[in-house]
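Chemist: Sequence:
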Amino acid sequence: MTLYLRRGALAAALLFGLTACHSGNDAAAAAAAAKPAPKQVATHSVPSDLGELRVTEVASGLEHPWAVALLPDGGFLVTERAGRLRRVGADGAISAPLKNVPEVWAQGQGGLLDVVLAPDFASSQRIYLSYAEPGPDGSAGTAVATATLGTDALGEVKRIYQQQPKLVGPNHFGSRIAFDGKGHVFITQGERQQRMASQELDKLQGKLVRLNLDGSVPADNPFVGRSDARAEIWSYGHRNMQSLAVDPRTGTVWEAEHGPRGGDEINLPQPGKNYGWPIVTHGIDYSGLKIAEAEGKEKPGMEPPYHVWEKSPALSGMAFYTGHAGSAWNDSLFLGALSDGSLIRLSLDGDRIVGEERLLKPLGWRIRDVRVSADGKVYALTDESEGKLLRIEPPKAK
Numbered sequence: 001m002t003l004y005l006r007r008g009a010l011a012a013a014l015l016f017g018l019t020a021c022h023s024g025n026d027a028a029a030a031a032a033a034a035k036p037a038p039k040q041v042a043t044h045s046v047p048s049d050l051g052e053l054r055v056t057e058v059a060s061g062l063e064h065p066w067a068v069a070l071l072p073d074g075g076f077l078v079t080e081r082a083g084r085l086r087r088v089g090a091d092g093a094i095s096a097p098l099k100n101v102p103e104v105w106a107q108g109q110g111g112l113l114d115v116v117l118a119p120d121f122a123s124s125q126r127i128y129l130s131y132a133e134p135g136p137d138g139s140a141g142t143a144v145a146t147a148t149l150g151t152d153a154l155g156e157v158k159r160i161y162q163q164q165p166k167l168v169g170p171n172h173f174g175s176r177i178a179f180d181g182k183g184h185v186f187i188t189q190g191e192r193q194q195r196m197a198s199q200e201l202d203k204l205q206g207k208l209v210r211l212n213l214d215g216s217v218p219a220d221n222p223f224v225g226r227s228d229a230r231a232e233i234w235s236y237g238h239r240n241m242q243s244l245a246v247d248p249r250t251g252t253v254w255e256a257e258h259g260p261r262g263g264d265e266i267n268l269p270q271p272g273k274n275y276g277w278p279i280v281t282h283g284i285d286y287s288g289l290k291i292a293e294a295e296g297k298e299k300p301g302m303e304p305p306y307h308v309w310e311k312s313p314a315l316s317g318m319a320f321y322t323g324h325a326g327s328a329w330n331d332s333l334f335l336g337a338l339s340d341g342s343l344i345r346l347s348l349d350g351d352r353i354v355g356e357e358r359l360l361k362p363l364g365w366r367i368r369d370v371r372v373s374a375d376g377k378v379y380a381l382t383d384e385s386e387g388k389l390l391r392i393e394p395p396k397a398k
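Per the working numbering, numbering of the sequence shown is gapless, rising by one per residue and ending at 398.
Since the hints were made in silico from the structure, they are not lab data.
A portion of the hints provided could be inaccurate.
[Claimed, not checked] Restricting the straight-line Cα-Cα distance to at most 20 Å, the calculated cross-link-like pairs of lysine to aspartate or glutamate (DMTMM-like) are: (1) Lys273 to Glu303; (2) Lys182 to Asp152; (3) Lys377 to Glu52; (4) Lys377 to Glu356; (5) Lys35 to Glu63; (6) Lys311 to Glu357; (7) Lys311 to Asp331; (8) Lys361 to Asp340; (9) Lys311 to Glu356; (10) Lys361 to Asp49; (11) Lys377 to Glu393; (12) Lys361 to Glu384; (13) Lys182 to Asp247; (14) Lys99 to Glu156; (15) Lys39 to Asp91; (16) Lys35 to Asp220; (17) Lys273 to Asp202; (18) Lys273 to Asp180; (19) Lys311 to Asp285; (20) Lys158 to Glu103; (21) Lys99 to Glu57; (22) Lys361 to Glu386; (23) Lys290 to Glu310; (24) Lys396 to Glu52; (25) Lys158 to Asp120; (26) Lys361 to Glu52; (27) Lys182 to Asp91; (28) Lys361 to Glu57; (29) Lys273 to Asp220; (30) Lys35 to Glu384; (31) Lys361 to Glu393; (32) Lys182 to Asp202; (33) Lys99 to Glu63; (34) Lys377 to Glu357; (35) Lys377 to Asp331; (36) Lys361 to Asp349; (37) Lys299 to Glu200.
Values in this document were obtained by computation on a predicted structure and should not be read as measured data.
Assemble the whole structure, with the sequences as input and the hints as a guide.
Modeler: See the structure below:
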């Protein structure tokens with residue numbers, strides 16, 4: 001009897017294992033499958049300080065989408081953190097994953113991250129991707145590659161940047177990409193939760209990097225020629241930068257980064273400057289204790305934040321809304337907010353931040369990325385297992 005019970009138990013275990021395996025494979029296949037355009041488009045009316053907003057769910061069923069790039073034909077490129085790059089049509093149809101995407105380390109906060117169109121995309125069809133790149137012994141680091149965009153695959157894939165040294169751990173990869181219009185690309189990254197690495201100039205963790213478009217180092221970078229510093233570095237003392245944009249009015253680079261528990265901040269990073277983390281911060285540890293290395297909220301020789309939130313909204317994604325004189329949102333800066341479940345709109349007077357409004361809070365979605373189209377609409381991604389691409393139309397100017 002015992003033998004039969006053991007055989008039965010073994011058979012059940014094998015059946016369960018096979019079922020679980022098939023279930024996992026089925027789930028992975030379902031996640032990777034193309035999705036048709038929705039038969040019915042969901043829309044929401046959401047109040048705001050300046051009037052009612054119309055929010056349209058362009059596409060849904062994206063697995064933790066991380067970044068969206070707006071294509072000239074009205075479609076989109078969307079990254080999923082698991083390592084998939086998708087085309088999304090203007091009608092909301094989602095393609096199968098594009099082939100030849102670089103291998104990513106998709107664990108924790110790592111995976112396929114930002115996607116942006118090259119400044120000469122119209123002629124070159126070139127894009128830039130940032131991602132967590134796997135290294136030896138379970139290590140990983142932020143990397144950036146360029147590629148040409150085909151119908152269903154990438155071509156000419158070339159890594160142009162990799163964070164060194166690679167470290168073990170699942171968090172704080174950054175990462176956003178922006179161009180200054182002068183032949184340079186800026187890349188944000190995190191300190192990989194190795195706090196003092198942000199202060200160490202021989203490491204790339206916790207640094208804003210500035211490169212030529214081909215990945216080479218500009219001769220006028222602030223640390224070029226120093227044997228004790230990485231030549232790629234533009235500024236340092238950053239924590240985990242998941243927001244980056246260049247003001248089209250002035251060419252000024254803006255970045256936003258996560259504080260720990262409190263102290264999310266905006267900086268306008270200048271060459272060679274130290275932005276303080278972890279020695280100066282407005283935040284505390286997640287345990288409720290003081291950051292061990294912190295000496296206060298300010299210190300001589302370290303730059304104070306340009307703007308700070310004492311309570312962290314968890315910022316991710318950034319886009320300027322300018323050049324639309326007839327819009328109620330003209331001269332605004334948008335930032336996604338994850339833990340706050342909102343889209344933050346900062347009103348600008350030149351570089352001065354003169355007001356703040358939190359949009360979409362009634363919907364309760366984590367906003368991972370935000371972009372602005374040429375016709376003045378705002379597009380945002382929700383960070384969910386069934387993530388959405390949203391189109392947000394501004395209120396009518398009064």
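Chemist: Confirm or reject each hint.
Modeler: Evaluated hints:
Between Lys273 and Glu303 the alpha-carbon distance is near 7 Å, which keeps this suggested pair within the 20 Å criterion. Between Lys182 and Asp152 the CA atoms are separated by roughly 31 Å; this puts the pair beyond 20 Å, and the hint is violated. Restraint check for Lys377 and Glu52: satisfied, since their Cα atoms lie roughly 14 Å apart, inside the 20 Å limit. For a cut-off of 20 Å, the pair hint linking Lys377 to Glu356 stands: about 19 Å separates their Cα positions.
Pair hint Lys35 plus Glu63 holds up; C-alpha atoms about 12 Å apart against a cutoff of 20 Å. Taken as a hint, the Lys311 and Glu357 pair is honoured in the structure, with Cα atoms around 15 Å apart against an allowance of 20 Å. For a cut-off of 20 Å, the pair hint linking Lys311 to Asp331 is broken: about 25 Å separates their Cα positions. For the hint pairing Lys361 with Asp340, the CA-to-CA distance comes to about 8 Å; that is within 20 Å, so the pair holds.
Taking the CA atoms of Lys311 and Glu356, the gap is near 14 Å; set against the 20 Å cutoff, the hint holds. This hinted pair checks out: Lys361 and Asp49 have alpha carbons roughly 13 Å apart, not beyond 20 Å. The hinted pair formed by Lys377 and Glu393 meets the criterion: a straight-line CA distance of about 5 Å does not exceed 20 Å. A C-alpha spacing of about 15 Å is found between Lys361 and Glu384, which places the hinted pair at or below 20 Å, so the restraint holds.
Among the hinted pairs, Lys182 with Asp247 is consistent with the structure: their alpha-carbon atoms are about 13 Å apart, no more than 20 Å. Our distance criterion of 20 Å between C-alpha atoms is met by Lys99 and Glu156, whose separation comes to about 12 Å. Of the pairs offered as hints, the one joining Lys39 and Asp91 holds, with about 10 Å between alpha carbons and a cut-off of 20 Å not exceeded. A distance of roughly 47 Å separates the Cα atoms of Lys35 and Asp220; the hinted pair therefore is violated under the 20 Å criterion.
For the hint linking Lys273 to Asp202, the alpha-carbon distance of about 15 Å falls within 20 Å, and the restraint holds. Of the pairs offered as hints, the one joining Lys273 and Asp180 holds, with about 18 Å between alpha carbons and a cut-off of 20 Å not exceeded. Restraint check: the Cα-Cα separation between Lys311 and Asp285 comes to about 13 Å, which is no more than 20 Å; the hinted pair holds. Note on Lys158 and Glu103: the hinted pairing holds, with a Cα-Cα distance of about 12 Å set against a maximum of 20 Å.
In summary, the hint linking Lys99 to Glu57 is not supported, as the alpha carbons are separated by about 26 Å, beyond the 20 Å threshold. Our distance criterion of 20 Å between C-alpha atoms is met by Lys361 and Glu386, whose separation comes to about 18 Å. Pair hint Lys290 plus Glu310 holds up; C-alpha atoms about 14 Å apart against a cutoff of 20 Å. Restraint check for Lys396 and Glu52: the C-alpha separation of about 8 Å stays at or below 20 Å, so the hint holds.
Pair hint Lys158 plus Asp120 holds up; C-alpha atoms about 17 Å apart against a cutoff of 20 Å. Taking the CA atoms of Lys361 and Glu52, the gap is near 13 Å; set against the 20 Å cutoff, the hint holds. Distance hint between Lys182 and Asp91 is unfulfilled; the C-alpha atoms sit about 35 Å from each other, more than 20 Å. About 16 Å separates the Cα atoms of Lys361 and Glu57, which keeps this hinted pair within 20 Å; it holds.
Between Lys273 and Asp220, the direct Cα distance comes to roughly 14 Å. Compliance with the 20 Å bound is thereby established for this hinted pair. Between the alpha carbons of Lys35 and Glu384 the distance comes to roughly 17 Å, so the proposed pair stays at or under 20 Å and holds. Between Lys361 and Glu393 the CA atoms are separated by roughly 16 Å; this keeps the pair inside 20 Å, and the hint holds. Using a Cα cut-off of 20 Å, the hinted pair Lys182 and Asp202 is violated, with the two alpha carbons roughly 26 Å apart.
Among the hinted pairs, Lys99 with Glu63 is consistent with the structure: their alpha-carbon atoms are about 17 Å apart, no more than 20 Å. With a C-alpha separation of about 17 Å, the suggested pair Lys377 and Glu357 falls inside the 20 Å cut-off, and the hint holds. Taking the CA atoms of Lys377 and Asp331, the gap is about 14 Å. The hint holds against a cut of 20 Å. As the CA atoms of Lys361 and Asp349 are separated by approximately 25 Å, the hinted pair breaks the 20 Å bound.
Proposed proximity of Lys299 and Glu200 is supported: the alpha carbons are some 17 Å apart, at most 20 Å.
Of the hints listed earlier, those the structure fails to meet are numbers 2, 7, 16, 21, 27, 32, 36, in rising order.
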